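What follows is the residue order along each chain.
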Amino acid sequence: MTTKYTEDHEWLTVEGDTAIVGITHHAQDALGDVVFVDLPEVGKAFAQKDVAGVVESVKAAADVYMPVSGTVTEVNEALRADPSLANSDPLGAGWFFKVKLSEPAQLDALLDATAYDALTKNA
Amino acid sequence: MSDTDLLQTPLHTLHLELGARMVPFAGYSMPVQYPAGLMAEHHHTRNAAGLFDVSHMGQLRLVGPDAAAAFESLMPVDVIGLAVGKQRYGLLLNDEGGIIDDLMFVNRGDDLFVIVNGACKHGDLAHIQARIGSRCTIEPQFDRGLLALQGPQAVTALQRLVPGVDKLVFMTGAAFTWNGASLFITRSGYTGEDGFEISLAAADTEAFARALLAQPEVKPVGLGARNSLRLEAGLCLYGNDIDTTTTPVEAALNWAMQKVRRTGGARAGGFPGAARVLAELDGTEPLLRVRVGLVAQERVPVREHTELQSEAGDTISEVTSGLLGPTANVPVALGYVPPALAAVGTRVNAIVRGKAVPMVVSALPFVPNRYYRG
Numbered sequence: 001m002t003t004k005y006t007e008d009h010e011w012l013t014v015e016g017d018t019a020i021v022g023i024t025h026h027a028q029d030a031l032g033d034v035v036f037v038d039l040p041e042v043g044k045a046f047a048q049k050d051v052a053g054v055v056e057s058v059k060a061a062a063d064v065y066m067p068v069s070g071t072v073t074e075v076n077e078a079l080r081a082d083p084s085l086a087n088s089d090p091l092g093a094g095w096f097f098k099v100k101l102s103e104p105a106q107l108d109a110l111l112d113a114t115a116y117d118a119l120t121k122n123a
Numbered sequence: 001m002s003d004t005d006l007l008q009t010p011l012h013t014l015h016l017e018l019g020a021r022m023v024p025f026a027g028y029s030m031p032v033q034y035p036a037g038l039m040a041e042h043h044h045t046r047n048a049a050g051l052f053d054v055s056h057m058g059q060l061r062l063v064g065p066d067a068a069a070a071f072e073s074l075m076p077v078d079v080i081g082l083a084v085g086k087q088r089y090g091l092l093l094n095d096e097g098g099i100i101d102d103l104m105f106v107n108r109g110d111d112l113f114v115i116v117n118g119a120c121k122h123g124d125l126a127h128i129q130a131r132i133g134s135r136c137t138i139e140p141q142f143d144r145g146l147l148a149l150q151g152p153q154a155v156t157a158l159q160r161l162v163p164g165v166d167k168l169v170f171m172t173g174a175a176f177t178w179n180g181a182s183l184f185i186t187r188s189g190y191t192g193e194d195g196f197e198i199s200l201a202a203a204d205t206e207a208f209a210r211a212l213l214a215q216p217e218v219k220p221v222g223l224g225a226r227n228s229l230r231l232e233a234g235l236c237l238y239g240n241d242i243d244t245t246t247t248p249v250e251a252a253l254n255w256a257m258q259k260v261r262r263t264g265g266a267r268a269g270g271f272p273g274a275a276r277v278l279a280e281l282d283g284t285e286p287l288l289r290v291r292v293g294l295v296a297q298e299r300v301p302v303r304e305h306t307e308l309q310s311e312a313g314d315t316i317s318e319v320t321s322g323l324l325g326p327t328a329n330v331p332v333a334l335g336y337v338p339p340a341l342a343a344v345g346t347r348v349n350a351i352v353r354g355k356a357v358p359m360v361v362s363a364l365p366f367v368p369n370r371y372y373r374g
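So the protein lines, in turn, are chains A and B.
Note that my numbering numbers the first sequence so that position 10 is 10, with each residue one more than the last.
Note that my numbering numbers the second sequence so that position 324 is 324, with each residue one more than the last.
Derived by calculation from the structure, the hints in this document are not laboratory data.
As the structure is a prediction and not an experimental result, all values here were calculated from the model.
Among these hints, one or two may not hold up.
Keeping only pairs whose Cα atoms sit at most 16 angstroms apart, straight-line, the calculated EDC-like set for lysine to aspartate or glutamate is [what the hints assert, rightly or not]: (1) B/Lys355 x A/Glu41; (2) B/Lys259 x B/Asp143; (3) B/Lys355 x B/Glu307; (4) B/Lys355 x B/Asp314; (5) B/Lys355 x A/Asp38; (6) A/Lys100 x A/Asp38.
Ranges of calculated distance between the beta carbons of each label pair, as one might list FRET restraints [to be verified]: (7) B/Val330 x A/Ser88: 20 to 28 angstroms; (8) A/Leu91 x B/Pro286: 35 to 43 angstroms; (9) A/Lys100 x B/Trp255: 34 to 42 angstroms.
All residues carry an ideal CB built from backbone N, CA and C; glycine is no exception.
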């Protein structure tokens with residue numbers, strides 16, 4: 001089980017051929033109090049970097065990009081009901097969706113924790 | 001403009017000490033939120049008392065025996081009739097009746113004290129000087145501090161430091177002192193709550209703000225919550241909801257234009273754009289659009305620039321301000337619609353990411369005002 005990050009501030013944890021996707025601590029902190037999430041349809045296929053969802057605070061809206069190509073297998077209905085989970089537990093209970101990878105080799109080009117931390121410190 | 005070119009208010013050091021997230025706004029580095037966050041700051045203002053730094057706003061004095069008549073010639077508003085100690089909302093208009101800025105002014109007896117929007121203040125000053133500079137003395141005080149203390153416990157906290165402020169009622173003002181500092185305080189604000197705005201010398205601003213923050217009711221509140229509070233109160237944000245292309249009648253600000261300045265009034269007209277504004281007011285020129293409140297029927301925030309359509313699918317306009325109201329607990333918005341669609345209860349659609357979100361025209365404010373009228 002490995003966790004990777006994108007330059008667009010998503011995280012994904014890979015288990016077998018499926019990844020759980022959410023937004024990073026840095027992303028939720030920049031957005032502020034999250035009040036709304038728009039989640040993708042289960043069963044829909046996305047290419048890497050497609051817009052797969054939206055996360056909104058009172059003051060801003062941001063797209064959530066698909067970090068890898070694949071098909072959505074599950075979305076976090078608890079997050080839809082209580083979007084503040086994206087603030088209180090962004091790396092856990094505030095996950096967004098699960099995606100079955102269609103091109104696992106894409107994972108190699110994503111950031112590891114050290115590289116992502118360096119990115120956000122320089123931002 | 002790079003961040004290094006930004007101006008700083010007298011509270012800049014305090015904002016950084018409080019852990020504020022600073023953003024560029026109206027040419028100043030301003031706190032958008034403190035560590036508590038927008039939502040907590042919004043609720044604290046509705047429940048207790050929030051302290052806002054609004055020193056970026058423009059303060060100016062108009063002085064001289066002809067000042068009131070001169071200022072009245074720039075606005076569709078009764079300035080001459082405003083009693084000493086009273087405050088009123090005003091609108092600077094261009095020659096087409098479009099809104100150059102909205103403002104607050106107080107008759108202090110020996111001057112008119114005017115507060116304008118920060119982003120407009122240099123343009124306003126130039127406009128006022130060009131139009132009435134020969135009739136009165138115009139003294140900008142752009143370096144002064146301006147604090148807003150807003151919320152149901154604002155009076156309790158401020159009264160402890162400045163005895164006597166509890167005697168003010170909504171839209172009145174008076175001079176006070178605190179530790180030798182001169183304060184000019186009005187009972188008004190931009191949140192829909194009871195509260196005060198305090199004008200004071202830059203050198204006194206930080207000490208007074210620290211004294212307010214030492215009161216148990218008071219917490220600092222940033223511009224983010226200022227926006228959500230004013231929108232729930234149904235108040236216009238200049239640049240979003242009103243600008244030089246909107247007239248006061250289109251903006252549903254008829255309440256700001258007293259009868260004495262309207263057709264048939266003793267001092268009717270005589271302000272820039274009067275022909276159009278008066279014709280819109282008395283119905284001789286039809287309105288093409290009017291500002292309304294909108295509430296989404298799904299829990300989807302509807303933001304500024306979101307397209308509005310009629311139920312038949314015709315494009316109407318765009319939302320001018322919108323967010324999920326923290327107190328209203330529903331998505332609220334302002335926008336312009338044709339008069340035929342302006343009645344409360346009318347349904348329109350907002351097109352959010354390609355999907356129609358139904359909205360209903362709703363009475364303003366979205367959250368009831370709680371002004372103190374004595």
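Given the hinted pair lysine 100 of chain A and aspartate 38 of chain A, is their Cα-Cα distance within 16 angstroms? violated (19 angstroms)
Compare the distance between the alpha carbons of lysine 259 of chain B and aspartate 143 of chain B with 16 angstroms, and conclude whether the hinted pair is satisfied. violated (36 angstroms)
Cβ distance range 20 to 28 angstroms for valine 330 of chain B and serine 88 of chain A, holds or violated: holds (22 angstroms)
Consistency of beta-carbon spacing, proline 286 of chain B to leucine 91 of chain A, with hint 35 to 43 angstroms: Violated - the Cβ-Cβ distance for leucine 91 of chain A and proline 286 of chain B, about 57 angstroms, lies outside 35 to 43 angstroms.
Hint check for tryptophan 255 of chain B and lysine 100 of chain A - Cβ pair distance inside 34 to 42 angstroms: At 58 angstroms between Cβs, range violated.
For the pair supplied as a hint, lysine 355 of chain B and aspartate 314 of chain B, confirm whether the alpha-carbon distance does not exceed 16 angstroms. holds (14 angstroms)
Restraint status (C-alpha distance of lysine 355 of chain B to aspartate 38 of chain A at most 16 angstroms): holds (12 angstroms)
Take a quick look at whether lysine 355 of chain B and glutamate 41 of chain A sit within 16 angstroms of each other, Cα to Cα. This hinted pair holds, its Cα atoms lying about 14 angstroms apart.
Can the restraint linking lysine 355 of chain B and glutamate 307 of chain B be considered satisfied, given a maximum Cα separation of 16 angstroms? holds (11 angstroms)
When held up to the earlier numbered hints, the structure conflicts with 2, 6, 8, 9 and fits the remainder.
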